[in-house]
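> One line per chain: the protein sequences are V and D, in this order. Quick note on this note's numbering: the first sequence kicks off at 1 and runs consecutively. Quick note on this note's numbering: the second sequence kicks off at 238 and runs consecutively.
No lab work stands behind these hints: they were computed from the structure. For glycine and all other residues, C-beta sits at the position ideal for the given N, C-alpha and C. One thing to keep in mind: the hints can contain errors.
[As the list claims (entries may be wrong)] Beta-carbon label-pair distances, calculated as ranges: (1) D/D370 x V/E152: 50 to 60 Å; (2) D/V284 x V/S145: 54 to 64 Å; (3) D/D320 x V/S217: 51 to 61 Å; (4) V/T4 x D/Q447: 48 to 58 Å; (5) D/E355 x V/T40: 28 to 38 Å; (6) D/Q271 x V/E76: 55 to 65 Å; (7) D/E355 x V/T220: 34 to 44 Å.
[As the list claims (entries may be wrong)] What the simulated footprint calls covered on chain V by chain D, stretch by stretch (three residues with Cβ under 8 Å from a Cβ of chain D suffice, anywhere in the stretch; the number is not a length): (8) 14-25; (9) 62-69; (10) 75-81; (11) 118-127.
[To be verified] Only pairs whose alpha carbons sit at most 27 Å apart, straight line, appear in this in silico DSS-like list of lysine-lysine: (12) D/K443 x D/K314; (13) V/K178 x V/K51; (14) D/K350 x V/K104; (15) D/K250 x V/K104; (16) V/K51 x V/K171; (17) D/K350 x D/K250.
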Amino acid sequence: MSDTFRFVPEDIIPTEADVLHHQGIPIGVDASHTIQDLLTQAMEQFKSSAKPEGMMAEIQQAEFTDIYIGEGQNAEDAILAQIFPRADHLALFALTMGAGISAKIESLFASNSFALGSMLDAVTSLAADQAAEMCEGMFEETLSSRGQTNTETRVLGYSPGYCGWDISGQKRLFQTLKPERIGITLNDSYLMTPLKSVTGLLVSATREVHIFEPGFSYCTTCKTISCRQRLAELSVA
Amino acid sequence: MNILESISTALRKGDDEEVAALTQQAVDEGTAPQEILDDGLIHGMNVIGEQFSRHEIFLPDVLLAAKAMYAGMDILKPQLIKDKIPSRGRIVIGTVRGDLHDIGKNLVGIMLKGAGFEVIDLGKDVPAEVFIDRAVSEGASIIGMSALLTTTAPVMQDVTSLLKEKNLDEEIKTIIGGAPVTEKFAQEIGADAYAFDAAKAVECVKNMVQKG
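All chains should be built: construct the whole structure from the sequences, respecting the hints.
So, in structure tokens, the structure goes:
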């Protein structure tokens, strides 16, 4: 059985600097008054229109193995295949920013308010990332309260569609977790609606378990490279 | 400053109300619609595109200018239709089958329209056959495809292969873009062009149309 929970929009809203950076404005460059005004509007609209919700359910390794195998389309060298068998604890998670905020973004574009629509899209994407990080923290707290972590424990999330875990992995993840309960649906192409939703596996393991050299076949076409920052943080810790 | 320069300047400032008012004024004063389009609106967007390429302005500035361009086009469109003035070219765009991420594709569409092209936006999760069928039925000379996911980028190859299979690859050119796509990938799948961002996409499409 999974727990569902709501996020407070103010808790996951990104920093202004991150949003501007996401919009292509280099760090350290002052945004014009016009851009700053757009940013303020986007932040306010996010707070009023987003209905962020999440859910999480612990899962045993054997059960996750079936989910991971999925439709048999994962990369042979997918990093998660090396990580999850060495985990101490696992949990599936799903979260969404809600249908309302996606509709808001679409309506802004439809009414030619492209700049505000794009800014709100950036705010919402970054908030979804922030919410995913909060899920990692929540799982770590749960485990910690049960005395199941130590100073070397790290909880990190891994999602279908990244690092060799094929997007088709969503199918069995959905069958098990049932994110429909918080309003997320999956289409035939394994894509989620609302678009601003995230699913994945939370892996609680010793720090070293998460560390890898990003030189896999699928790394060559990846432009996300968010793993680099995570790996750097793990190495420093 | 003449009225066309004023339109161009107001557009670059992202002042949509001013652009609409000035465009209406130019129409009322009898300025040729083609002249208003080329020397006012498109001129302004060209400057914006160049400034964006040089990193002098940023994405929000471009999108504000695009909104102003659309405001001017709303006034001008009936005149252009009345005078039977052709667009600079017709292009079909969409996010490929299996992908729902359309923000990048939308930006490309906005920029292309701003540059005077006629854009038929097929939306997201578009199958290969639909790209081709619509390009043929709309008489488009270019198909633009976008993907965000590494898993969906290969669908672009279905389009390029199908065009070859139907002997349409000379008549209809392809341009691709999106996070998992590279110049090398474009060459591998036989796409005619690759664009890193929306400004580059406009530049590529202009070149492709000029080459015919």
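> It remains to establish, for every hint, whether it holds in the given structure.
Right, here's what the structure says about each hint:
| no. | hint | in the structure |
| --- | --- | --- |
| 1 | D/D370 x V/E152: 50 to 60 Å | holds, 57 Å |
| 2 | D/V284 x V/S145: 54 to 64 Å | holds, 59 Å |
| 3 | D/D320 x V/S217: 51 to 61 Å | holds, 55 Å |
| 4 | V/T4 x D/Q447: 48 to 58 Å | holds, 56 Å |
| 5 | D/E355 x V/T40: 28 to 38 Å | holds, 35 Å |
| 6 | D/Q271 x V/E76: 55 to 65 Å | holds, 58 Å |
| 7 | D/E355 x V/T220: 34 to 44 Å | holds, 36 Å |
| 8 | 14-25 | holds (count 3) |
| 9 | 62-69 | violated (count 0) |
| 10 | 75-81 | violated (count 0) |
| 11 | 118-127 | holds (count 3) |
| 12 | D/K443 x D/K314 | holds, 21 Å |
| 13 | V/K178 x V/K51 | holds, 18 Å |
| 14 | D/K350 x V/K104 | holds, 23 Å |
| 15 | D/K250 x V/K104 | holds, 25 Å |
| 16 | V/K51 x V/K171 | holds, 24 Å |
| 17 | D/K350 x D/K250 | holds, 18 Å |
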